[in-house]
Each structure stands twice: as structure tokens, then as C-alpha cells.
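Which chain is which? The protein sequence lines are A and B, in order. full-length UniProt numbering puts the first residue of the first sequence at 1, with every later residue one more than the last. full-length UniProt numbering puts the first residue of the second sequence at 1, with every later residue one more than the last.
Quick caveat, the hints were computed from the structure, so don't treat them as lab data. Because the structure is a prediction, the values reported are computed rather than measured. Be careful, since some hints might not be right.
Where chains are identical, the list cannot tell them apart; a pair therefore holds if satisfied intra-copy or between any two copies.
[As the list claims (entries may be wrong)] Distance condition first, Cα-Cα at most 30 angstroms in a straight line; then the derived DSSO-like pairs of lysine-lysine:
id, residue 1, residue 2
1, Lys241, Lys209
2, Lys23, Lys209
3, Lys241, Lys223
4, Lys241, Lys138
5, Lys23, Lys241
6, Lys167, Lys209
7, Lys223, Lys167
8, Lys209, Lys138
9, Lys209, Lys223
10, Lys138, Lys223
11, Lys23, Lys223
Number of protein chains: 2
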Amino acid sequence: MNSVVDLILNHRSIRSFTPEPIKGEQLDAILASAQAASSSSFLQANSIIRVTEPELRERLAEYAGQQAYVADAAEFLVFCADYRRHLAVAPDAMTGFTEQLLIGAIDGALMAQNALLAAESMGLGGVYIGGLRNHPDKVVEALSLPVGVFPLFGLCLGHPAQIPERKPRLPRALVVHENHYPAEVDSTLLAAYDDTMHSYYQGRSSNQKSVTWSGQIRAILGKEARPFMLAALQRQGFLLK
Amino acid sequence: MNSVVDLILNHRSIRSFTPEPIKGEQLDAILASAQAASSSSFLQANSIIRVTEPELRERLAEYAGQQAYVADAAEFLVFCADYRRHLAVAPDAMTGFTEQLLIGAIDGALMAQNALLAAESMGLGGVYIGGLRNHPDKVVEALSLPVGVFPLFGLCLGHPAQIPERKPRLPRALVVHENHYPAEVDSTLLAAYDDTMHSYYQGRSSNQKSVTWSGQIRAILGKEARPFMLAALQRQGFLLK
Numbered sequence: 001m002n003s004v005v006d007l008i009l010n011h012r013s014i015r016s017f018t019p020e021p022i023k024g025e026q027l028d029a030i031l032a033s034a035q036a037a038s039s040s041s042f043l044q045a046n047s048i049i050r051v052t053e054p055e056l057r058e059r060l061a062e063y064a065g066q067q068a069y070v071a072d073a074a075e076f077l078v079f080c081a082d083y084r085r086h087l088a089v090a091p092d093a094m095t096g097f098t099e100q101l102l103i104g105a106i107d108g109a110l111m112a113q114n115a116l117l118a119a120e121s122m123g124l125g126g127v128y129i130g131g132l133r134n135h136p137d138k139v140v141e142a143l144s145l146p147v148g149v150f151p152l153f154g155l156c157l158g159h160p161a162q163i164p165e166r167k168p169r170l171p172r173a174l175v176v177h178e179n180h181y182p183a184e185v186d187s188t189l190l191a192a193y194d195d196t197m198h199s200y201y202q203g204r205s206s207n208q209k210s211v212t213w214s215g216q217i218r219a220i221l222g223k224e225a226r227p228f229m230l231a232a233l234q235r236q237g238f239l240l241k
Numbered sequence: 001m002n003s004v005v006d007l008i009l010n011h012r013s014i015r016s017f018t019p020e021p022i023k024g025e026q027l028d029a030i031l032a033s034a035q036a037a038s039s040s041s042f043l044q045a046n047s048i049i050r051v052t053e054p055e056l057r058e059r060l061a062e063y064a065g066q067q068a069y070v071a072d073a074a075e076f077l078v079f080c081a082d083y084r085r086h087l088a089v090a091p092d093a094m095t096g097f098t099e100q101l102l103i104g105a106i107d108g109a110l111m112a113q114n115a116l117l118a119a120e121s122m123g124l125g126g127v128y129i130g131g132l133r134n135h136p137d138k139v140v141e142a143l144s145l146p147v148g149v150f151p152l153f154g155l156c157l158g159h160p161a162q163i164p165e166r167k168p169r170l171p172r173a174l175v176v177h178e179n180h181y182p183a184e185v186d187s188t189l190l191a192a193y194d195d196t197m198h199s200y201y202q203g204r205s206s207n208q209k210s211v212t213w214s215g216q217i218r219a220i221l222g223k224e225a226r227p228f229m230l231a232a233l234q235r236q237g238f239l240l241k
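Throw the hints in and build the complete structure from the sequences for me.
Structure follows, in C-alpha cells:
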């Protein structure tokens with residue numbers, strides 16, 4: 001279609017980086033790209049913590065579940081929902097609404113995807129680190145996040161030292177619907193996708209395994225999903241009502 | 001820097017469209033771009049409802065607060081958090097966790113930003129419609145969304161019939177912090193930004209007004225923010241714990 005679409009379709013998460021740093025002008029363009037994203041009601045309810053201290057990176061890598069690339073990547077950015085500035089200009093601001101967390105999460109992700117694509121357009125690569133949400137309280141403390149600020153996820157960026165395969169996505173017919181959500185999930189399409197993913201996991205160049213997407217989903221959703229998240233958000237002033 | 005960064009920095013929300021449709025191959029690339037985004041634990045916990053029925057578009061335009069472009073745009077996509085497929089393959093799945101809504105909201109926005117940038121790379125334009133969250137229950141009903149699915153926001157896409165100015169963003173020093181969140185919000189920078197925005201709103205080519213960013217924030221956050229959102233999410237099976 002065009003080079004932008006090709007770039008987007010060529011995305012794969014990069015978890016191994018060379019030691020080469022990201023140039024100042026590159027980081028500048030990445031951060032400007034993040035800020036260029038749309039903002040709901042122009043609230044601009046997000047901040048980015050750029051983590052440069054090696055000791056702090058090591059701590060975050062551990063919190064994220066021993067993900068060494070959090071420490072090793074040239075850059076590590078933490079995207080936060082942030083109403084601290086709003087509370088500074090409007091001390092009587094009504095915060096804590098569920099809607100405001102949605103805005104922070106959605107707009108923070110729009111910014112991050114701009115940042116990642118800008119980086120990828122320079123030949124850099126990256127990976128999102130949802131694992132920061134394993135220990136939200138520890139991340140809050142490590143980054144000195146005040147009430148009104150919550151760490152959503154991290155983003156590692158650097159020069160790729162690997163070219164992993166691209167994972168096949170769910171068939172579009174299971175994801176994109178016209179006008180109405182279908183009454184039934186198409187089990188035939190799901191079964192075909194399970195075959196596709198089974199072949200992918202068995203045939204890929206590293207970390208081969210014998211699993212299907214459905215099997216992975218049953219394993220992941222058979223367990224609690226970070227059951228401490230609601231309380232952690234509430235301690236930072238979110239999801240109070 | 002490069003053409004991708006230029007495209008990202010050149011973003012402005014488009015709210016007026018020509019009647020020209022989006023070609024099938026363009027829509028195909030836009031939807032493929034959406035699906036190419038990263039997915040937390042590869043859950044793929046999102047769906048897109050493409051709304052093509054004119055009557056349905058009119059209803060959604062009304063729900064969104066009389067936003068006529070929701071009816072007029074060549075395409076209107078509703079991005080949803082979606083655990084319905086997971087419940088189909090894992091009927092005993094543990095859902096309703098706050099973490100799972102975060103994943104749906106974040107990953108849905110990553111997909112949407114890919115879709116918007118893909119569209120913009122073709123000379124198309126668009127605008128996000130958070131206003132769908134004015135009436136989440138009505139949107140759920142209009143699109144027949146089952147339990148496990150929640151409409152996050154809409155995206156209008158089409159051929160631009162306007163070129164609005166780009167709004168100046170908060171100064172980077174207020175948004176990007178190194179290692180730690182600052183103890184104080186820099187009031188000097190905020191005041192300077194208020195001057196910048198006041199000049200912008202007074203000088204722009206249409207809809208001039210005499211306001212500052214701080215003034216807008218005080219007005220918006222002086223009111224409740226969609227206080228029905230928590231209950232609406234819970235009715236769809238989200239934020240139960």
C-alpha cells in the first residue's frame with residue numbers, strides 16, 4: 001500500500017538490543033511524536049518517565065518479572081496516566097472517576113504507539129512492558145509518582161539484535177464485525193486459527209512449543225489477573241467511583 | 001527526521017469529510033494495520049465494529065452528543081475491549097478483573113492509532129469519538145454487544161474537507177520526566193503554556209475563544225466525569241474486582 005503501512009505491518013516486538021545508544025535527535029523525535037497524538041477533551045492526562053539510572057532500571061526489570069531488556073535497552077519509557085497537573089491548576093478538581101482512568105489508559109497508549117512507530121521508522125525496535133503492573137506500588141515508589149499518577153506500562157527502545165517472526169493474528173472475521181456483534185463466536189474459524197498458531201509455535205526459529213491460542217487463553221484466564229490492581233489504582237486516586 | 005515522523009507530527013483531528021468513500025483496498029490496509037499492533041500476553045482482547053448502516057450511524061452520532069461527522073464520515077469504527085472469544089474457548093475463564101479492562105483499553109488504543117496513522121498515510125483523516133461513552137448502555141444495545149464486550153471509543157475516517165491548525169501541546173518539561181516525578185508542578189511553565197494556548201485560541205481561523213488550558217481544565221474537572229461509567233462497565237462484565 002505505502003511505506004507507512006508496510007512499517008506498521010512489519011512490527012514485531014524486540015526483546016534483544018545492541019549496546020548502541022539512541023541519538024538525542026532520535027529521542028527528541030520519538031518524544032515529539034508521542035505528544036502529537038490525540039488527547040480526549042485536550043486533557044493531556046499523561047506523563048512519560050524516562051528512566052536513565054542503571055540502578056533504577058535494574059529494579060524495574062526485576063519488578064517486571066526478570067525482564068533483562070528493561071535494564072539493557074537503550075531507552076526505557078514509562079507511560080503514566082497523570083492528573084497531577086490538573087490538580088495543580090484546579091485543586092477542587094473532581095477526580096477518581098472510572099472515566100478518567102479510561103482516558104488516561106487510552107490516550108497513554110495512543111502516545112506510546114506513536115513513539116514506537118517513530119522509533120521503528122528509524123530502524124529501532126521496541127517492546128511494551130505490561131509486566132510493570134506486576135508491582136504497581138513498587139513502581140510508584142521507585143519513580144516517586146504522586147497521587148494522581150499511575151504507571152500504565154513501559155516501553156523498551158533500542159537497536160534490534162534480533163528479528164523475530166511475526167505472530168499470526170486472529171482471523172479478521174473474528175475481530176472485525178459489521179454493524180452488530182455476532183450471536184455466536186465462529187468455532188470453525190477459532191479451530192483453524194488454533195491450527196495456524198500451533199504450526200507457528202512449532203516452526204518458529206526459537207522457543208518452539210506445542211500449544212494453541214485457545215490453550216494459551218485457557219491457561220492465562222484460568223488464573224487471577226493481577227487481583228491487586230483495583231486497590232493499587234485506588235491508592236493513586238483512580239477508580240474511586 | 002523522516003516521512004513517518006513527519007506524518008505523525010502533522011496529525012490533526014478531522015471533523016469534516018468529503019462524500020468520497022474509502023476504497024476497499026484502503027480499508028483492508030487500515031484494518032490489517034490495526035491488527036498488527038502489539039497485544040498484551042497475546043490475548044487479542046479487542047474487537048472492531050465497522051458501522052455501515054446509515055440509521056445506526058445516525059443513532060451513534062446522536063449518542064455521541066450530536067456529532068454529525070459520526071454519521072457523515074466514509075467509515076466509522078468502534079473499538080471495543082472484548083473477552084467474548086476468551087469466554088467461548090474458556091467458559092471457566094476468570095474475568096472481571098480491573099487488569100483486564102486496562103489491557104483492553106490499552107491494546108484497543110494501540111490498534112486504533114495504527115489504524116489512524118495508516119489512514120493518514122493515504123491522505124485520509126480522522127477523529128476519535130470518546131463521546132460514545134456518553135451513553136455506553138445505548139451503544140452496547142445498538143451494536144448488540146454481549147457481556148464481555150465494551151465500546152471504548154469510535155474512530156471516524158474519510159477524505160478531509162478541512163485542514164485545522166495543530167494545537168500546541170504542553171511543554172515537554174511538564175510531560176516527560178527523568179527517573180523521578182518532580183516534587184512540584186512547574187507553575188512558570190504552566191503559565192507560559194496558558195499564554196501560548198490563549199494566543200492559539202484567539203488567533204486560529206475558526207471558533208476563536210478567549211480561554212487558557214488551565215481555565216479549560218478547571219471547567220471540565222469542575223464537573224463529574226461520566227459518573228455512570230463504572231456501573232456501565234460492570235454490566236458488561238468489567239471492573240467487578
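Do the hints match the structure? See the list:
1. Lys241 / Lys209: neither (43 angstroms within a copy, 33 angstroms between copies)
2. Lys23 / Lys209: neither (38 angstroms within a copy, 40 angstroms between copies)
3. Lys241 / Lys223: Both ways: Lys241 and Lys223 sit 26 angstroms apart in one copy and 14 angstroms across, limit 30 angstroms.
4. Lys241 / Lys138: Classified as both; 24 angstroms inside a copy, 21 angstroms across copies.
5. Lys23 / Lys241: neither (43 angstroms within a copy, 43 angstroms between copies)
6. Lys167 / Lys209: within (14 angstroms within a copy, 49 angstroms between copies)
7. Lys223 / Lys167: So Lys223 and Lys167 pass the 30 angstroms test inside one copy only (24 angstroms; across, 44 angstroms).
8. Lys209 / Lys138: For Lys209 and Lys138, the Cα distance exceeds 30 angstroms both inside one copy (33 angstroms) and across copies (44 angstroms).
9. Lys209 / Lys223: Only inside one copy: Lys209 and Lys223 sit 21 angstroms apart there, 52 angstroms across copies, limit 30 angstroms.
10. Lys138 / Lys223: For Lys138 and Lys223, the Cα distance is within 30 angstroms only inside one copy (22 angstroms; across copies 32 angstroms).
11. Lys23 / Lys223: Intra 42 angstroms, inter 43 angstroms, cutoff 30 angstroms: neither.
Against the hints set out earlier in the document, violations occur for numbers 1, 2, 5, 8, 11.
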